[in-house]
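Trainee: As a plain string of letters, each chain reads:
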Amino acid sequence: MNRLFSKDTWGEILEALSSNWFRTLLTAFGVLWGIFILVILLAAGKGLENGVKQGFDGMATNSMFMWSQTASKPYKGLPKGRRYNFKIGDVDAIKQSVPNLRFVSPRNQLGGFRGANNVVRGLKTGAYNVYGDYPEIIQQQPMDITSGRFINYSDINSNRKVAIIGESVKTGLYETGEEVIGSYIKINGVNFMVIGTYKKKSQRGGDPEEAQKEIFVPFTAFSQAFNRGEEVGWMAVTAEDGSSITNLKSQVFDIIKARHSIHPEDDRAVGNFDLYEEYSKINGLFTALNFVAYFVGILVLLSGIIGISNIMLIVVKERTKEIGIRRALGATPWEIRSQILLESIFLTIISGMAGIVFASGILAVVNLAMENVDTSEMMFANPSVNIGVVVIALIILVVSGLLAGLIPAQTAIRVKPVDALRTE
Amino acid sequence: MGSNSLHVLKGIDFTVAEGEMVSIMGSSGSGKSTLLNILGMLDEADSGSYTLDNTIIKNLNEKVAARYRNKFLGFIFQSFNLINYKTAVDNVAMPLYYQGVKRNIRMEKAMHYLEKVGLADWAEHHPNELSGGQKQRVAIARALASDPKVLLADEPTGALDSKTSYEVMELIQGINDEGKTILIVTHEDDIAHMTKRIVNLKDGIIIDDSVVTQVRAKSALHV
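So the protein lines, in turn, are chains V and Z.
Count along the first sequence starting at 1, add 1, and that's the number in my numbering.
Count along the second sequence starting at 1, add 5, and that's the number in my numbering.
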């Protein structure tokens, strides 16, 4: 193997390749183009993925939301069509009997889509969604606290009537520059002190404007102030990172059904939205997209490699005489073969690297151009390929260089030296 | 290359002693080039034996043949067969490269042989910048570079005018004077008479094998 590291070997290879610059460049271009396409496609796929997943940014994707519907089967003497509500006790029951759950947050809600005006401050009024929440909700539905603080357990335990309002609520109810923290707003006739403001990141499928029109108050204060008693409107349930909520949710439903005298096979009694399932679908989409990128990229690369193989065959044909001379001077078939192979691999790797560099350059330019643009509302962000992909591409290049050289190298030594010398 | 074989040589039996300078003559198709190719291990005889320097050359695989060619033989061709993209000195150094000689030693030796053929000043020139005679001298230097036992020359003057031919022959004679065994295939009478022994081939057999008085190329040049 010391041939591989000998200066002479590389001298020979460089000399042979540089004896016809134009042809070498044209040959190299095929592979350069192939790897360029591969990298760009993968990066574009990644950019799209980053852009779409940005919508899930920070959100606990391993979550589901569940709410009570009407029982669709009679059970234990109770009729079908019966309405029921989750109770606050359900939360502890779920927490205790279902393992691997990270958060179980009960929620109550006032207002809603096109709700009537329910919030008053001085002369200004507005219709907003008001939620009674536990502090964990900020980890399930992330938001940036722009001033003040979010709800904490001290608020929950002492039923404090405090509120965190959205940026749009602030612009709706306050004059610009007016101090918000410490002021009071009246929700359905009950005064709450504003202790913080938030700005939500855009949500997938959600209206970014609507998302800022929410008010969060402690769950306990909400129940008390708006007469909910033990009732729970809906719950946000998040599983631990190791396990998926999609697998755990039936256990959660079983507990709810048992506690509310619902037929165990009544699947319509508990409504739910499984974020993890949605997320998995999107993940599946990008897996498919990645596959397409690899497929197309590798095919283009393959055509480049066939190009190299083709040119090497011509080169070998042209150099039949030279090969004959070399063999007359004492080159062994292996020396001839390894020279052709090394030439092919060398050409492939160099042009492949150039392709990678070229593609990275383009990506750098794109990133530079996107740097000053707010990408949060775009479906495209930070196109990139990871180093692993580049390493894989390089391995593909070495192997393909080897394959590309194999046939020509074999051709080169099949000709008998005496015939090779006779060629004019 | 076809499937029907043609027997070119039909029983050749001759010995060349060390230090001899033999020319092989014959009309075209007499088998002289084939004989030289077999001697040069570029081709193999269907039957018979070939002993070179007490080594029986038989059933060689390509690798061993390559090693033998490198060690025992130096080739001089009618069409020079230099590698066009290499300089004169690199061409001369080629056999040494395949011997695995280190680059600086290789270059030193190659320069030594180029000096010997009087082309030291042309070392960095490519073959296409050299005249025919110069090219053949580079080829001779290359053949000598690996210090072989035997020089095999296939029509070494075939592509040269007579003045240049004589100059080349003078060089070859000088090499022979130093004790190297040389076989020359030629169909030119005057070239043949510059060797010490002429073997005449016809239709694949030796019809005449005689020692001649060598005509020195130097004297022929000044006639």
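If you're looking for bench data, these hints aren't it; they were derived computationally from the structure.
Among the hints, erroneous ones may be present.
Lysine-lysine pairs mimicking DSBU-like chemistry, simulated, CA-CA at most 30 Å apart [to be verified]:
hint, chain 1, residue 1, chain 2, residue 2
1, V, 8, Z, 107
2, Z, 68, V, 322
3, V, 322, Z, 91
4, Z, 91, Z, 63
5, V, 318, Z, 201
6, V, 54, V, 74
7, Z, 223, V, 417
Trainee: Quickly compare the C-alpha distance for residue 91 (chain Z) and residue 63 (chain Z) to 30 Å and report which way the hint goes.
Mentor: It is violated: about 34 Å lies between the C-alpha atoms, which goes past 30 Å.
Trainee: So if I understand the rule, the pair passes when the alpha-carbon distance is 30 Å or less; does residue 68 (chain Z) with residue 322 (chain V) pass?
Mentor: Holds: residue 68 (chain Z) and residue 322 (chain V) sit about 19 Å apart, inside 30 Å.
Trainee: So if I understand the rule, the pair passes when the alpha-carbon distance is 30 Å or less; does residue 318 (chain V) with residue 201 (chain Z) pass?
Mentor: At roughly 40 Å apart (the allowed maximum being 30 Å), residue 201 (chain Z) and residue 318 (chain V) break the hint.
Trainee: Assess, step by step, whether the Cα of residue 8 (chain V) is no farther than 30 Å from the Cα of residue 107 (chain Z), and give holds or violated.
Mentor: 10 Å, holds
Trainee: Are the Cα positions of residue 322 (chain V) and residue 91 (chain Z) separated by 30 Å at most?
Mentor: 14 Å, holds
Trainee: For residue 54 (chain V) and residue 74 (chain V), compute the direct alpha-carbon distance and say whether it is at most 30 Å.
Mentor: Violated - the C-alpha atoms of residue 74 (chain V) and residue 54 (chain V) are around 39 Å apart, more than 30 Å.
Trainee: Has the given pair, residue 223 (chain Z) with residue 417 (chain V), been kept, meaning a C-alpha gap of at most 30 Å?
Mentor: Violated, because 38 Å separates the two Cα atoms, which is more than 30 Å.
The structure shown violates the earlier hints numbered 4, 5, 6, 7.
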